[in-house]
Each structure stands twice: as C-alpha cells, then as structure tokens.
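Participant: Just so you know, we're using the numbering used here here: the sequence shown kicks off at 1 and counts up by one.
These are calculated hints, taken from the structure and not from any lab test. Do not rely on the hints blindly, as some may be mistaken.
Stated by the list, open to error - Per label pair, the in silico range of CB-to-CB distance:
1) Val111 with Ser36: 15 to 25 Å
2) Leu129 with Pro89: 30 to 40 Å
3) Ser36 with Pro121: 36 to 46 Å
4) Asp106 with Val47: 28 to 38 Å
5) Ala125 with Thr12: 16 to 26 Å
6) Ser36 with Tyr131: 29 to 39 Å
7) Ala50 with Asn123: 17 to 27 Å
8) Ser142 with Asn51: 34 to 44 Å
9) Asp106 with Gly43: 37 to 47 Å
10) Asp84 with Ser142: 34 to 44 Å
11) Glu7 with Lys117: 17 to 27 Å
12) Glu7 with Val118: 19 to 29 Å
As the list claims (entries may be wrong) - Cross-link-like lysine-lysine pairs, in silico, DSBU-like; alpha carbons within 35 Å at most:
13) Lys34 with Lys100
14) Lys52 with Lys100
15) Lys133 with Lys100
C-beta: ideal position from N, C-alpha, C; glycine also.
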Amino acid sequence: MIFENFENWLLTTDCFENHDVSHIDVNGNQHYIKHSEYMAYLGEMTVLIANKATIKVEQVEQWYGYTDRTAHAFYNAANGPSFDTHTDPIDVLIECLDGKKTLEIDGETVVLQPQDKVLIPANTAHRALNYEKALMISYGISDTETLTRIR
1 MIFENFENWL LTTDCFENHD VSHIDVNGNQ HYIKHSEYMA YLGEMTVLIA
51 NKATIKVEQV EQWYGYTDRT AHAFYNAANG PSFDTHTDPI DVLIECLDGK
101 KTLEIDGETV VLQPQDKVLI PANTAHRALN YEKALMISYG ISDTETLTRI
151 R
C-alpha cells in the first residue's frame with residue numbers, strides 16, 4: 001500500500017466501521033476518534049490528513065487474515081508527532097510500506113525504506129523519529145491477548 005491508497009482508505013466507511021482510528025498529538029498522547037456518524041468521522045479525518053497528523057489504525061490484522069498477532073498501521077507526515085520512548089511486552093515487527101521510517105531502538109538509529117523490516121524484541125526501548133513522511137505496519141507477534149480482548 002502507498003500513501004495515496006492509504007489516505008483514500010482512511011476516508012472509507014470500511015475504515016470507519018471496522019477499525020479503531022486515533023491520532024497522536026505533539027505531546028505523544030493518543031486520541032481515539034469517537035464518532036457515531038460517518039460524516040463527522042469523515043470531517044475529522046479530512047482535517048487530520050490536511051494538518052499532517054500522525055494517524056494510527058488498529059485491527060489491520062484483518063487485512064491479512066492474521067489470528068496470531070495484532071497489526072497497526074501508522075501514517076505520519078515529515079516531523080509528525082510520535083509516542084515517547086517506550087517498551088512493549090511482546091516482540092514487535094515494524095515494516096515500512098512507503099516513505100522512510102527512522103526509529104531509535106535501544107539507543108541505535110535504524111532507517112527503513114519500503115519493504116524493509118526490523119524486529120524489536122519484547123521490553124526493548126524504542127521510538128519512531130518521523131523525520132520523513134512514512135507509512136508502516138507494526139505487528140505484535142503472538143499478541144493473542146489483545147486479539148482476544150478486542151474480539
């Protein structure tokens with residue numbers, strides 16, 4: 001998937017009805033988009049895209065038919081906001097779909113181009129630096145606890 005396809009998909013009823021969508025503010029806080037009406041969702045998404053927000057879409061494992069992991073899409077503009085350095089209790093595989101994603105993993109800088117992947121072991125400190133526009137998928141390997149909770 002490339003930027004244009006993803007931006008268009010964000011504005012669909014499929015995304016609205018089947019995925020939890022949020023954005024990350026300049027302080028690294030996540031805010032879920034909670035609209036019961038599609039037109040209100042559409043308006044907010046249009047503004048977020050125009051303002052070059054960092055957008056997170058959950059339940060992306062549905063695209064691939066995965067039942068043994070979670071998958072979240074992250075879309076960010078150049079210098080877009082990101083979460084602070086954090087750890088995850090599970091292994092996470094990051095895949096760059098479009099653009100260039102710069103990550104800091106355990107103090108080391110890693111740059112991903114389209115189709116590049118990097119594995120971040122459980123409990124390893126990491127963060128996205130978002131120097132350039134990027135579209136990526138974060139796979140929570142063996143994250144069946146989260147899958148069970150959201151089902």
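Participant: Against each hint, give a clear statement of whether it holds in the structure.
Facilitator: Verification of the hints:
The hinted range of 15 to 25 Å is not satisfied by Val111 and Ser36, whose Cβ atoms lie roughly 40 Å apart. Our hint of 30 to 40 Å for Leu129 and Pro89 is violated, since their Cβ atoms are close to 23 Å apart. Distance hint check for Ser36 and Pro121: the Cβ-Cβ separation is about 40 Å, which falls inside the suggested range of 36 to 46 Å. At roughly 36 Å, the beta-carbon separation of Asp106 and Val47 lies within the given 28 to 38 Å, and the hint holds.
Against the hinted window of 16 to 26 Å, the Cβ-Cβ separation of Ala125 and Thr12 comes to about 35 Å, which falls outside the hint. Taking 29 to 39 Å as the suggested C-beta distance range, the pair Ser36 and Tyr131 conforms, at roughly 37 Å. Between Ala50 and Asn123 the C-beta distance comes to about 37 Å, which lies outside the given range of 17 to 27 Å. Taking 34 to 44 Å as the suggested C-beta distance range, the pair Ser142 and Asn51 conforms, at roughly 36 Å.
At roughly 40 Å, the beta carbons of Asp106 and Gly43 sit within the given window of 37 to 47 Å. Taking 34 to 44 Å as the suggested C-beta distance range, the pair Asp84 and Ser142 does not conform, at roughly 25 Å. Roughly 23 Å separates the CB atoms of Glu7 and Lys117, a value that falls within the hinted 17 to 27 Å. Distance hint for Glu7 and Val118: a CB-CB separation of about 25 Å, consistent with the stated range 19 to 29 Å.
For the given pair, Lys34 sits about 30 Å from Lys100 by alpha-carbon distance, which is consistent with the 35 Å threshold. Between Lys52 and Lys100 the alpha-carbon distance is near 16 Å, which keeps this suggested pair within the 35 Å criterion. Simply put, Lys133 and Lys100 have alpha-carbon atoms about 7 Å apart, close enough for the 35 Å limit, and the pair holds.
In the structure shown, a violation is registered for the earlier hints numbered 1, 2, 5, 7 and 10, in ascending order.
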